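Number of protein chains: 2
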Amino acid sequence: MSTYIPPLEDMQFVIEQVLDAPASWREQPAFAELDADTAREVLAQAGRFAAEVLAPINGPGDRQGCRWSPQGVKTPDGYPQAWRQFVEGGWPALACDPEVGGQGLPNLLNAALFEMLCAANHGWTMYPGLLHGASEAIQATAVGELRERYLPKVVSGEWLATMNLTEPAAGSDLGLIRSRAEPLEPRADGIIANGDRMAISGHKIFISGGDQDMTDNIVHLVLARLPDAPGGTKGLSLFLVPKFLPDGRRNAVFCDGIEHKMGIHGSATSQMRFERAEGWLLGEPHAGLAAMFLMMNAARLHVAMQGLGHLDAATQKALRYARERVQLRAPRRPADAPAAGGPDLIEWHPAMRRILLSLQAQTEGARVLAYWIGVLLDESHQHPDEARRRRAADLVALLTPVAKAFLTDLGHRGADEALGVFGGYGYVHEYGVEQHVRDSRIAMIYEGTNEIQAIDLVMRKLLDSPRRSDALLAELEAEAAACTAEGLTLEAQALTGQVAALRAALAALQAARAADPEAPLRVADDVLHGLGHTLLAWAWARSSRCAPRHPDPARATRKREVARFGLQWLLPAAQWRWQRVQDWAVLPLPWVRP
Amino acid sequence: MSTYIPPLEDMQFVIEQVLDAPASWREQPAFAELDADTAREVLAQAGRFAAEVLAPINGPGDRQGCRWSPQGVKTPDGYPQAWRQFVEGGWPALACDPEVGGQGLPNLLNAALFEMLCAANHGWTMYPGLLHGASEAIQATAVGELRERYLPKVVSGEWLATMNLTEPAAGSDLGLIRSRAEPLEPRADGIIANGDRMAISGHKIFISGGDQDMTDNIVHLVLARLPDAPGGTKGLSLFLVPKFLPDGRRNAVFCDGIEHKMGIHGSATSQMRFERAEGWLLGEPHAGLAAMFLMMNAARLHVAMQGLGHLDAATQKALRYARERVQLRAPRRPADAPAAGGPDLIEWHPAMRRILLSLQAQTEGARVLAYWIGVLLDESHQHPDEARRRRAADLVALLTPVAKAFLTDLGHRGADEALGVFGGYGYVHEYGVEQHVRDSRIAMIYEGTNEIQAIDLVMRKLLDSPRRSDALLAELEAEAAACTAEGLTLEAQALTGQVAALRAALAALQAARAADPEAPLRVADDVLHGLGHTLLAWAWARSSRCAPRHPDPARATRKREVARFGLQWLLPAAQWRWQRVQDWAVLPLPWVRP
Numbered sequence: 104m105s106t107y108i109p110p111l112e113d114m115q116f117v118i119e120q121v122l123d124a125p126a127s128w129r130e131q132p133a134f135a136e137l138d139a140d141t142a143r144e145v146l147a148q149a150g151r152f153a154a155e156v157l158a159p160i161n162g163p164g165d166r167q168g169c170r171w172s173p174q175g176v177k178t179p180d181g182y183p184q185a186w187r188q189f190v191e192g193g194w195p196a197l198a199c200d201p202e203v204g205g206q207g208l209p210n211l212l213n214a215a216l217f218e219m220l221c222a223a224n225h226g227w228t229m230y231p232g233l234l235h236g237a238s239e240a241i242q243a244t245a246v247g248e249l250r251e252r253y254l255p256k257v258v259s260g261e262w263l264a265t266m267n268l269t270e271p272a273a274g275s276d277l278g279l280i281r282s283r284a285e286p287l288e289p290r291a292d293g294i295i296a297n298g299d300r301m302a303i304s305g306h307k308i309f310i311s312g313g314d315q316d317m318t319d320n321i322v323h324l325v326l327a328r329l330p331d332a333p334g335g336t337k338g339l340s341l342f343l344v345p346k347f348l349p350d351g352r353r354n355a356v357f358c359d360g361i362e363h364k365m366g367i368h369g370s371a372t373s374q375m376r377f378e379r380a381e382g383w384l385l386g387e388p389h390a391g392l393a394a395m396f397l398m399m400n401a402a403r404l405h406v407a408m409q410g411l412g413h414l415d416a417a418t419q420k421a422l423r424y425a426r427e428r429v430q431l432r433a434p435r436r437p438a439d440a441p442a443a444g445g446p447d448l449i450e451w452h453p454a455m456r457r458i459l460l461s462l463q464a465q466t467e468g469a470r471v472l473a474y475w476i477g478v479l480l481d482e483s484h485q486h487p488d489e490a491r492r493r494r495a496a497d498l499v500a501l502l503t504p505v506a507k508a509f510l511t512d513l514g515h516r517g518a519d520e521a522l523g524v525f526g527g528y529g530y531v532h533e534y535g536v537e538q539h540v541r542d543s544r545i546a547m548i549y550e551g552t553n554e555i556q557a558i559d560l561v562m563r564k565l566l567d568s569p570r571r572s573d574a575l576l577a578e579l580e581a582e583a584a585a586c587t588a589e590g591l592t593l594e595a596q597a598l599t600g601q602v603a604a605l606r607a608a609l610a611a612l613q614a615a616r617a618a619d620p621e622a623p624l625r626v627a628d629d630v631l632h633g634l635g636h637t638l639l640a641w642a643w644a645r646s647s648r649c650a651p652r653h654p655d656p657a658r659a660t661r662k663r664e665v666a667r668f669g670l671q672w673l674l675p676a677a678q679w680r681w682q683r684v685q686d687w688a689v690l691p692l693p694w695v696r697p
Numbered sequence: 104m105s106t107y108i109p110p111l112e113d114m115q116f117v118i119e120q121v122l123d124a125p126a127s128w129r130e131q132p133a134f135a136e137l138d139a140d141t142a143r144e145v146l147a148q149a150g151r152f153a154a155e156v157l158a159p160i161n162g163p164g165d166r167q168g169c170r171w172s173p174q175g176v177k178t179p180d181g182y183p184q185a186w187r188q189f190v191e192g193g194w195p196a197l198a199c200d201p202e203v204g205g206q207g208l209p210n211l212l213n214a215a216l217f218e219m220l221c222a223a224n225h226g227w228t229m230y231p232g233l234l235h236g237a238s239e240a241i242q243a244t245a246v247g248e249l250r251e252r253y254l255p256k257v258v259s260g261e262w263l264a265t266m267n268l269t270e271p272a273a274g275s276d277l278g279l280i281r282s283r284a285e286p287l288e289p290r291a292d293g294i295i296a297n298g299d300r301m302a303i304s305g306h307k308i309f310i311s312g313g314d315q316d317m318t319d320n321i322v323h324l325v326l327a328r329l330p331d332a333p334g335g336t337k338g339l340s341l342f343l344v345p346k347f348l349p350d351g352r353r354n355a356v357f358c359d360g361i362e363h364k365m366g367i368h369g370s371a372t373s374q375m376r377f378e379r380a381e382g383w384l385l386g387e388p389h390a391g392l393a394a395m396f397l398m399m400n401a402a403r404l405h406v407a408m409q410g411l412g413h414l415d416a417a418t419q420k421a422l423r424y425a426r427e428r429v430q431l432r433a434p435r436r437p438a439d440a441p442a443a444g445g446p447d448l449i450e451w452h453p454a455m456r457r458i459l460l461s462l463q464a465q466t467e468g469a470r471v472l473a474y475w476i477g478v479l480l481d482e483s484h485q486h487p488d489e490a491r492r493r494r495a496a497d498l499v500a501l502l503t504p505v506a507k508a509f510l511t512d513l514g515h516r517g518a519d520e521a522l523g524v525f526g527g528y529g530y531v532h533e534y535g536v537e538q539h540v541r542d543s544r545i546a547m548i549y550e551g552t553n554e555i556q557a558i559d560l561v562m563r564k565l566l567d568s569p570r571r572s573d574a575l576l577a578e579l580e581a582e583a584a585a586c587t588a589e590g591l592t593l594e595a596q597a598l599t600g601q602v603a604a605l606r607a608a609l610a611a612l613q614a615a616r617a618a619d620p621e622a623p624l625r626v627a628d629d630v631l632h633g634l635g636h637t638l639l640a641w642a643w644a645r646s647s648r649c650a651p652r653h654p655d656p657a658r659a660t661r662k663r664e665v666a667r668f669g670l671q672w673l674l675p676a677a678q679w680r681w682q683r684v685q686d687w688a689v690l691p692l693p694w695v696r697p
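Order-wise, the sequence lines are chains A and D.
Everything in the first sequence is counted per this note's numbering, starting at 104 for the first residue and increasing by one.
Everything in the second sequence is counted per this note's numbering, starting at 104 for the first residue and increasing by one.
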């Protein structure tokens with residue numbers, strides 16, 4: 104029932120035909136030896152792991168859940184074995200720097216890997232979810248022996264890592280963090296330096312993989328305050344605190360319990376207690392937030408892939424069910440359908456067709472958008488041309504909060520719509536679709552809630568400087584021109600309309616902010632969803648334009664049909680969002696009263 | 104954490120000031136002795152039961168769930184005791200006919216009762232959920248000894264009843280039902296009559312309360328086919344099959360298992376097997392569907408109340424949390440707030456204000472709509488004036504599918520938005536809000552999926568005859584005129600706009616259907632949601648107009664403010680829906696391909 108089929112052909116179409124990532128790789132020395140065939144083989148192997156190892160333990164892991172005792176957390180049956188296979192396959196190091204033991208493949212392929220892992224088993228995928236970001240943070244900050252001891256094991260996945268930010272009173276507001284660190288070998292001059300040994304104390308909550316039985320050691324990255332640190336986020340430092348110390352002693356890091364949650368039951372969401380636990384300062388004092396944000400940015404694209412994974416997996420399930428289940432007569436049947444007899448396939452009923460086509464169009468558009476960010480992320484780091492690096496970095500900065508929030512929103516709402524296709528069967532565990540609804544909800548919350556992403560987008564990415572939105576507008580206009588050149592009027596007009604709407608919205612936001620600083624915050628959610636739709640329009644237009652390059656003519660026709668469905672049936676939602684930005688930016692918002 | 108506060112003051116405002124139900128009661132002899140004070144007292148007692156008895160066992164019942172064994176189903180701790188209290192309080196018979204032992208109170212009060220029961224504990228409320236409909240079906244069909252034996256016990260709630268429709272292959276399509284019945288004492292002339300004793304065989308699934316340990320006996324109402332019955336829905340007959348026969352023998356009705364579901368874990372969703380079980384024909388042969396629809400119509404309003412209950416309960420929780428949790432500085436603070444210090448209440452942040460005000464406005468509007476249907480339902484049965492009965496019946500027929508689908512949609516999506524207010528805490532069981540998300544999802548599916556409701560609305564309620572929509576348009580125009588008369592321009596204009604949009608949509612639907620019979624089905628979902636928004640607009644306009652009648656001036660101001668928020672911030676969504684009806688009715692919808 105919970106079969107997952109890796110969408111390799113769809114992925115290849117996006118990577119090779121729509122985005123032409125191989126052309127980008129050829130320009131970047133780091134990926135000069137990578138070609139489309141190698142990338143295909145990597146994804147095929149990743150798909151086999153997701154489908155054959157992870158998918159079968161997804162439903163059972165949900166039902167069994169993690170079990171806590173004072174001795175530690177036991178993950179669901181099969182989780183530790185799957186982890187060993189993952190490490191032996193070299194998957195944790197896929198996109199890591201070869202200098203520190205990574206395979207040096209593009210972030211794009213890592214993103215595609217995580218789409219499949221999450222589609223197959225979100226709970227299990229929480230464990231490696233932060234690993235890449237953690238290795239980047241350690242690589243950027245750790246020095247000397249500390250670096251040598253921890254970096255290779257985190258890169259390889261021999262040890263898993265965690266990210267300890269949240270405290271009971273400090274969620275979105277990290278400035279409220281109270282955990283403390285004090286030097287274990289204080290210097291006479293009071294100076295504290297990178298790598299100093301520390302005693303860390305405090306309580307952290309919602310720590311994914313805070314304890315588990317999958318790796319011999321766990322490397323906790325912890326935000327806490329040094330003595331005399333300033334208040335707020337400027338007083339936070341980052342520390343590395345292992346579960347087991349180098350001499351084999353158990354460190355004073357305790358998992359006091361795990362949360363009982365709506366979903367991702369296979370992930371141990373831990374309550375952590377640090378009781379003068381031994382650790383080391385990572386990077387400079389009071390520079391912890393910046394180091395942690397190295398992880399957060401990688402994590403946000405990763406979370407966007409979770410949204411896409413759920414959307415695709417739930418869509419697959421709904422499509423298969425609708426192709427098997429018969430119920431009532433449809434008002435019309437496809438020309439190639441067998442002669443009418445009893446009840447018809449539910450995929451022929453208009454209400455179901457609308458839902459299924461919407462899910463398909465959203466999945467295909469979302470994949471183009473997400474993979475584009477992957478391509479840009481690689482270019483921002485590796486492209487030899489500085490102007491290209493800068494353009495790519497601008498676009499990544501602009502697109503990441505949109506992808507995080509909009510794709511997780513699509514993933515959750517899409518899974519919920521897919522559930523509806525099953526009728527009553529959708530509500531029971533057996534068919535696997537309701538688990539996607541439950542599991543996907545968390546992605547809208549963690550790594551910065553979707554409301555926080557919208558504020559980041561509007562306040563820091565759009566209003567602060569026009570450079571980023573100019574880069575995006577140029578890309579949208581270029582795609583519209585390319586569509587026009589190929590006679591794709593529908594596509595070109597849709598994009599031109601979005602360019603005008605986006606420009607008008609940005610002008611309205613600037614004007615409204617001048618009159619009332621609160622105005623952009625009132626409509627941030629609409630800006631984010633409007634822009635998400637604009638980006639889907641770009642993705643659909645580009646898919647439609649590139650569809651003839653698909654090696655299979657029938658699939659080429661279908662790709663254009665689905666893309667045009669998106670432009671005609673789904674894009675009008677953007678108009679409503681953009682209108683709200685115009686109208687609401689000047690509409691006072693009352694206070695809440697009980 | 105999972106406190107539920109019965110919204111008695113809000114209910115009274117709707118019943119007494121907005122709808123002036125007491126005036127309607129005075130016109131109906133059946134309710135001539137009922138006054139507002141009595142109704143208040145009934146609701147206050149009902150609220151105490153919901154808050155003090157049901158709410159405390161809601162979360163624990165979700166975690167414990169029902170447990171199945173071949174000996175039968177065990178419901179969660181406290182469920183049977185709560186049932187006994189409910190029966191002793193006379194609640195099952197609240198709106199039943201006094202002639203058969205009921206209290207004869209209006210359906211309106213029964214609807215309000217079930218809003219509170221479901222808000223407090225949806226899982227438990229599944230057991231009495233069908234009781235009222237079952238007693239109506241038995242009252243309408245059963246004769247003689249059968250009636251005397253079963254009707255009083257079902258009315259009083261001493262025995263619970265179930266509704267056995269769905270089979271593995273027959274969900275939305277009841278014409279595919281295969282269960283069989285054959286006479287145990289066949290007559291020589293082959294005639295089969297109401298009340299005949301039968302042997303019933305077949306498999307039924309998704310039977311709520313198919314087995315339980317709350318009542319000594321269970322009265323199953325079962326759809327099955329008599330020998331030589333025609334195929335499809337015209338060959339279905341209704342049978343009464345008790346778990347225990349009058350002589351005390353255990354009947355051959357078996358619960359083979361219960362479903363493991365996304366939510367309502369306290370409700371035993373049973374797989375039933377009838378092995379030549381003894382039962383009796385209820386009503387005429389092959390007239391089972393009509394009798395069952397007596398239950399279905401009552402059940403659909405009941406399900407709408409579940410949507411409202413979840414919406415209100417989740418909104419309450421989010422409002423309380425947002426009033427206690429501090430996080431980050433808000434861009435602006437209320438004039439009466441204490442001097443700025445550390446982080447601000449999250450209810451002051453614009454993104455949260457938008458969500459919380461939307462939830463409040465939707466809750467208040469949805470309650471006016473739902474209770475209006477309650478008033479109309481009573482008038483359709485009891486009003487002495489035939490024209491009033493007929494108008495009320497027309498409106499009930501039109502509004503019921505909208506309320507079922509739109510309010511359950513609002514309930515589920517609203518609970519999901521409320522969850523977001525809690526951030527990570529929303530995702531854990533402890534705060535109780537994620538349970539509303541899980542529990543509320545089923546209400547969009549059962550008693551006719553929301554897609555089926557949309558088809559019913561468009562094909563049978565709107566397009567078949569203009570009488571029903573004319574009655575609604577007249578009501579909308581009357582309310583707009585009343586608002587204009589009181590100088591409420593915003594309200595009047597919003598309603599006038601909706602009247603025009605609804606008229607245009609109906610014309611577009613008629614024209615599109617003439618060209619393409621499939622057209623109305625493509626946009627049925629948008630018609631339903633468009634009409635749902637129109638009805639909320641009516642509810643907000645009326646609430647705003649009636650607000651000055653609120654006994655508390657501060658609440659009066661607030662009622663108008665929330666209603667106007669709905670009209671200004673939420674109603675624009677209707678425009679988008681109505682536009683889709685216009686555009687999409689003429690847009691061909693592709694076929695689904697894998």
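Read the hints as simulated data drawn from the structure, not as lab findings.
Remember, predicted model here, so these are calculated numbers, not experimental data.
Any given hint could turn out to be false.
For lysine to aspartate or glutamate, the following EDC-like pairs were computed, each having C-alpha atoms within a straight-line distance of at most 20 Å [stated by the list, open to error]:
{"hint": "1", "chain 1": "D", "residue 1": "Lys-337", "chain 2": "A", "residue 2": "Asp-447"}
{"hint": "2", "chain 1": "A", "residue 1": "Lys-177", "chain 2": "A", "residue 2": "Glu-387"}
{"hint": "3", "chain 1": "D", "residue 1": "Lys-337", "chain 2": "D", "residue 2": "Glu-387"}
{"hint": "4", "chain 1": "A", "residue 1": "Lys-337", "chain 2": "D", "residue 2": "Glu-285"}
{"hint": "5", "chain 1": "D", "residue 1": "Lys-337", "chain 2": "D", "residue 2": "Glu-261"}
Rough simulated footprint, nothing fancy, chain A against chain D, three-plus residues with beta-carbon under 8 Å [said to hold, decoys possible]:
{"hint": "6", "stretch": "107-120"}
{"hint": "7", "stretch": "138-148"}
{"hint": "8", "stretch": "243-253"}
{"hint": "9", "stretch": "286-292"}
{"hint": "10", "stretch": "361-368"}
{"hint": "11", "stretch": "498-508"}
{"hint": "12", "stretch": "680-686"}
Short, incomplete list of chain D residues facing chain A, as computed with Cβ under 10 Å [claimed, not checked]:
{"hint": "13", "residue": "Asp-350"}
{"hint": "14", "residue": "Asn-354"}
{"hint": "15", "residue": "Gly-445"}
{"hint": "16", "residue": "Arg-516"}
{"hint": "17", "residue": "Leu-579"}
Backbone N, C-alpha and C define an ideal beta-carbon position, used for all residues, glycine too.
Status of each hint after checking the structure:
1. Note on D/Lys-337 and A/Asp-447: the hinted pairing holds, with a Cα-Cα distance of about 19 Å set against a maximum of 20 Å.
2. In summary, the hint linking A/Lys-177 to A/Glu-387 is not supported, as the alpha carbons are separated by about 36 Å, beyond the 20 Å threshold.
3. Annotation: proposed proximity of D/Lys-337 to D/Glu-387 holds, straight-line Cα distance about 12 Å (limit 20 Å).
4. Under the criterion of a C-alpha separation no larger than 20 Å, the hint pairing A/Lys-337 with D/Glu-285 is inconsistent with the structure, at around 80 Å.
5. For a cut-off of 20 Å, the pair hint linking D/Lys-337 to D/Glu-261 is broken: about 33 Å separates their Cα positions.
6. Coverage of the stretch 107-120 of chain D by chain A is violated. Counting CB-CB distances below 8 Å, 0 residues qualify, and the rule asks for three or more.
7. Only residues whose C-beta sits within less than 8 Å of a C-beta in chain A count toward coverage, and the stretch 138-148 of chain D has 0 of them, not enough to reach three; the restraint is violated.
8. Counting residues of the stretch 243-253 of chain D whose beta-carbon sits less than 8 Å from any beta-carbon of chain A gives 0, not enough to reach three: the coverage restraint is violated.
9. Counting residues of the stretch 286-292 of chain D whose beta carbon lies closer than 8 Å to any beta carbon of chain A gives 0, which falls short of the minimum of three for the stated coverage.
10. Counting residues of the stretch 361-368 of chain D whose C-beta lies closer than 8 Å to any C-beta of chain A gives 5; at least three are required, and the coverage claim holds.
11. Check result for the stretch 498-508 of chain D against chain A: violated, 0 residues qualifying (beta carbon to beta carbon below 8 Å, three or more required).
12. Counting residues of the stretch 680-686 of chain D whose CB lies closer than 8 Å to any CB of chain A gives 3, so the stated coverage by that chain holds, three being the minimum.
13. The beta carbon of D/Asp-350 is not positioned within 10 Å of any beta carbon in chain A (closest approach about 35 Å), and the interface hint is therefore violated.
14. About 25 Å separates the beta-carbon of D/Asn-354 from the nearest beta-carbon of chain A, more than 10 Å, and the hint is not met.
15. Taking 10 Å as the C-beta cut-off, the interface hint given for D/Gly-445 holds, the closest approach to chain A being about 8 Å.
16. The beta carbon of D/Arg-516 is positioned within 10 Å of a beta carbon in chain A (closest approach about 9 Å), and the interface hint is therefore held.
17. Proximity of D/Leu-579 to chain A is violated relative to the hint, the smallest CB-CB distance being about 22 Å (cut-off 10 Å).
Hint compliance for this structure: hints 2, 4, 5, 6, 7, 8, 9, 11, 13, 14, 17 are broken, all remaining hints hold.
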